[in-house]
Amino acid sequence: MSPAFSASSTKIIQPLPLSTTRSHDKPLFDPLKSTSSSSFLGSTLKLRFNSLNTSNHPYPRRRSAVVAVSDVVKEKKLKSKASFSNLLITKEEGLELYEDMVLGRSFEDMCAQMYYRGKMFGFVHLYNGQEAVSTGFINLLKKEDCVVSTYRDHVHALSKGVPARAVMSELFGRTTGCCRGQGGSMHMFSKEHNVLGGFAFIGEGIPIATGAAFTSKYRREVLKEADCDHVTLAFFGDGTCNNGQFFECLNMAALWKLPIVFVVENNLWAIGMSHLRATSDPEIWKKGPAFGMPGVHVDGMDVLKVREVAKEAIGRARRGEGPTLVECETYRFRGHSLADPDELRDPAEKAHYATRDPITALKNYIIDNNLASEAELKAVEKKIDEVVEDAVDFADDSPLPSRSQLLENVFADPKGFGIGPDGRYRCEDPKFTEGTAHV
Amino acid sequence: MATIIQGIGAAAALSSSNSFDSKRFHLPSRRSLSERKGSFLVVRSDGRVIPGSNPRGRRTDQLITNAVAAKADASAASTASKPGHELLLFEALREGLEEEMERDPRVCVMGEDVGHYGGSYKVTKGLAPKYGDLRVLDTPIAENSFTGMAIGAAMTGLRPIIEGMNMGFLLLAFNQISNNCGMLHYTSGGQFTIPVVIRGPGGVGRQLGAEHSQRLESYFQSIPGIQMVACSTPYNAKGLMKAAIRSENPVILFEHVLLYNLKERIPDEEYVLSLEEAEMVRPGEHITILTYSRMRYHVMQAAKTLVNKGYDPEVIDIRSLKPFDLYTIGNSVKKTHRVLIVEECMRTGGIGASLTAAISENFHDYLDAPIVCLSSQDVPTPYAGTLEEWTVVQPAQIVAAVEQLCQ
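Residue numbers (the numbering used here), protein chains in the order written: chain R, 1 to 439; chain X, 440 to 846.
Note that these hints are calculated values from the structure, not bench results. Just to be clear, a hint being listed does not mean it is correct.
[As the list claims (entries may be wrong)] Listed below are the simulated DMTMM-like cross-link pairs for lysine to aspartate or glutamate, each with C-alpha atoms no more than 25 Å apart in a straight line: (1) R:217 with X:538; (2) X:773 with R:428; (3) R:224 with X:541; (4) R:191 with X:543; (5) X:773 with R:422; (6) R:431 with X:800; (7) X:773 with R:429; (8) R:431 with X:538; (9) R:363 with R:376; (10) R:224 with X:687; (11) R:311 with R:109; (12) X:569 with R:221; (13) R:217 with X:842; (14) R:217 with X:537; (15) R:350 with R:302; (16) R:217 with R:321; (17) R:257 with X:552; (18) X:569 with R:225.
[As the list claims (entries may be wrong)] Selected chain X positions facing chain R (in silico; Cβ < 8 Å): (19) 523; (20) 574; (21) 583; (22) 584; (23) 594; (24) 628; (25) 660; (26) 663; (27) 666; (28) 687.
Here the structure is a predicted model, which is why all the values come from computation and not from measurement. Glycine included, every Cβ here is placed at the ideal spot set by N, Cα and C.
Kindly generate the complete structure, drawing on both the sequences and the hints.
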């Protein structure tokens, strides 16, 4: 321990063991060294030997006095174990979660097919492997609650209730898409379902989510809508957690106790940049306490654990107790996008996570606990297959946008196009309605 | 003349917390709206400073925005005949803001020091005590994030006004302004609207240095889905502020640091201006001079000289920087056949460049001479007073350009 630290409290969690072990002949950052001495899963090597349950770590990973939520969760589990069964979900809940996760997986697999078949273009980022996060959180929301996503947004939209038809049509660039074909893969919006987007740049969705949470507080305290307890979820990845907007919004959300949950989907990789190579202290959840909010770390491959944490965090937000930072450690089963050859990630690492498939895990839980039969789960899968097939058929049969759509929606008030030489508003010109005007 | 205006502005800029009390001009102490009588000092829109004692009794002392070098039949006199009340420009902005906050509880303000401090140029003075800290929200210094937060709030039903403490700081929020403020309505297929106003002090002040003397119009004008207006008088400042707040579109309202202490008598009754219309400042026959914001005063000063020399220029404050009011501009071009653009914006890719293109495209056949555009120099605004003066267009250059164009 460095002298500066040893003088103060011993409770300080040292960010990395590097400072103590590094000698001068070693490079400043040695990924192998730091991964082997850390329990963190995101290593490119020796990954198989790491496990969350290993106890002989050089420093405690999750022992911080401020981690309120996980403590609460533990307590709750104990209580519920004592009073009822030890099951975390009912049969109905289990089937609902399973259906949502299978939908997410099947939809994305279909997207890959359609992409390679030339039905959709551009950058398409698939969610395979991370379903436990979307389902675990969004399944607990009310319709009025808001979700803010990233460029990997299809499944968040689906979980929030946007019909598969509308999402697939958007990907096909059709008028029936949830954004009339004007958004595309990375810009899914649905006002009806309070999906506030699809943000394609890293971090830019977090302030939007903070604003939505601000509105909830404003409606309650300024507009005196006492029953407004809407919560906003902001989803983003590990790469975003080194971006200023992340820190700025943690500060503002905690400062004003906004009803928001920051959900980090730590899939360990930002395209080709390993989380460990990008981040001084890779334990993202720790940044919550630094801003005065609970930080929780949860296994993002286990939908039931995610759900337990989500329940508490969303409940906290709804009760007006402020924001929570949740780090879900997960993994994407495909490349960053369909354009990514995915050559950097170690096959062993991929294989390791493949064995932890969150859908298989839930399936096993359901069957092991006799919540539902294999046949019932098969029925769910069949139903979803049909839903996804139908979505493709629907999208394929939907019309392409006509030219008249081009200039619509540039301005909410089309007077924004201004006054033409003839003294009339230019939007009144038939060429504007036809979409042929030059703007 | 220009230096007089600059002097006032400089006092405002240097002592932003006390912007009203300009020692140089021995202004009376800070006055509230109820203390409109008594000794006063009028800064006319032509830059003349006139000490007076009773504004209501002396009609000549009242600011007539467009009366400078105006012809006898100018419509401008109507402003003076209204009873109205006198306000400085920053007070007019504040009055517009307050009226809209009163009218609609969803209207709120966000920015650095807008609340307890009252805004760096006092545009939000007194609003936090009246409406509370949530409606007049002091934010941490995190431009990109609080701008994004305002956009998120707008998407979910509020109508925020974002103040850039200095508009240059909004460069830090460029991503939010461009991607989300400008484009999100479109990418969401029209589902979400972003009724925000982005405003703040900008332009070349008096020796504020490069970063605080930005000419941002050129940066923002290409963003689709955003409207931009620039105010130049207390009257249009209030009217444009109210219009911007009521618009469903995101609007950037440019204010100029050197104009906050301009005084004018404005109507007592409520009014809202059009965001898309230009303002005829001085009708004339020989040449159309298009300008906006602070350059309006350099133009009006030049116009006085020009009138003395026998020219009859038509001066239009374009006000709407995006989109352009092609009707008013076109009618003027059809009448005078000559166009001079005077702007403080950067020369490359500036408002003047866009305006030149728009006029060429639409009214080329009416032009008797090539359009001349006087912009500020493409240099970082220098600190030294002399260099700074040479950076922005001066009245003498305007006179020379008109003389050459009208040869």
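Tested hints:
The hinted pair formed by residue 217 of chain R and residue 538 of chain X meets the criterion: a straight-line CA distance of about 23 Å does not exceed 25 Å. Annotation: proposed proximity of residue 773 of chain X to residue 428 of chain R holds, straight-line Cα distance about 23 Å (limit 25 Å). At roughly 16 Å between alpha-carbon atoms, residue 224 of chain R and residue 541 of chain X fall within 25 Å of each other, so this suggested pair holds. Straight-line distance between C-alpha atoms of residue 191 of chain R and residue 543 of chain X comes to about 23 Å, which keeps the hinted pair within the 25 Å bound.
Proposed proximity of residue 773 of chain X and residue 422 of chain R is supported: the alpha carbons are some 12 Å apart, at most 25 Å. For the hint linking residue 431 of chain R to residue 800 of chain X, the alpha-carbon distance of about 17 Å falls within 25 Å, and the restraint holds. Taking the CA atoms of residue 773 of chain X and residue 429 of chain R, the gap is about 22 Å. The hint holds against a cut of 25 Å. The straight-line distance between the Cα atoms of residue 431 of chain R and residue 538 of chain X is roughly 38 Å, outside the 25 Å bound, and the hint therefore fails.
Restraint check for residue 363 of chain R and residue 376 of chain R: the C-alpha separation of about 11 Å stays at or below 25 Å, so the hint holds. A C-alpha spacing of about 24 Å is found between residue 224 of chain R and residue 687 of chain X, which places the hinted pair at or below 25 Å, so the restraint holds. Between residue 311 of chain R and residue 109 of chain R, the direct Cα distance comes to roughly 29 Å. Violation of the 25 Å bound is thereby established for this hinted pair. Between the alpha carbons of residue 569 of chain X and residue 221 of chain R the distance comes to roughly 15 Å, so the proposed pair stays at or under 25 Å and holds.
With a CA separation close to 60 Å, the supplied pair residue 217 of chain R and residue 842 of chain X exceeds the 25 Å bound. Taken as a hint, the residue 217 of chain R and residue 537 of chain X pair is honoured in the structure, with Cα atoms around 22 Å apart against an allowance of 25 Å. About 17 Å separates the Cα atoms of residue 350 of chain R and residue 302 of chain R, which keeps this hinted pair within 25 Å; it holds. Note on residue 217 of chain R and residue 321 of chain R: the hinted pairing holds, with a Cα-Cα distance of about 11 Å set against a maximum of 25 Å.
Note on residue 257 of chain R and residue 552 of chain X: the hinted pairing holds, with a Cα-Cα distance of about 20 Å set against a maximum of 25 Å. Using a Cα cut-off of 25 Å, the hinted pair residue 569 of chain X and residue 225 of chain R holds, with the two alpha carbons roughly 20 Å apart. With a least beta-carbon distance of about 28 Å to chain R, the hint placing residue 523 of chain X at the interface is violated under the 8 Å criterion. A least Cβ separation of about 6 Å between residue 574 of chain X and chain R falls short of the 8 Å threshold, and the interface hint therefore holds.
At its closest, the beta carbon of residue 583 of chain X sits 6 Å from a beta carbon of chain R; the interface hint therefore holds under the 8 Å criterion. Using the Cβ-Cβ criterion of 8 Å, the hint placing residue 584 of chain X at the interface with chain R is satisfied: the shortest such distance is roughly 4 Å. Because the smallest distance between the Cβ of residue 594 of chain X and any Cβ of chain R comes to about 6 Å, under 8 Å, the interface hint for this residue holds. At about 4 Å, the closest approach between the beta carbon of residue 628 of chain X and any beta carbon in chain R falls short of 8 Å, and the interface hint on this residue holds.
Of the supplied interface hints, the one on residue 660 of chain X is violated, with its beta-carbon coming no nearer than about 13 Å to a beta-carbon of chain R, more than 8 Å. With 8 Å as the threshold, the beta carbon of residue 663 of chain X comes within range of chain R, its nearest partner Cβ sitting at about 6 Å, so the hint holds. Against a cut-off of 8 Å between C-beta atoms, the interface hint on residue 666 of chain X holds, since the closest Cβ of chain R lies about 5 Å away. Below 8 Å, beta-carbon pairs count as interface contacts, and residue 687 of chain X has one with chain R at about 4 Å; its hint therefore holds.
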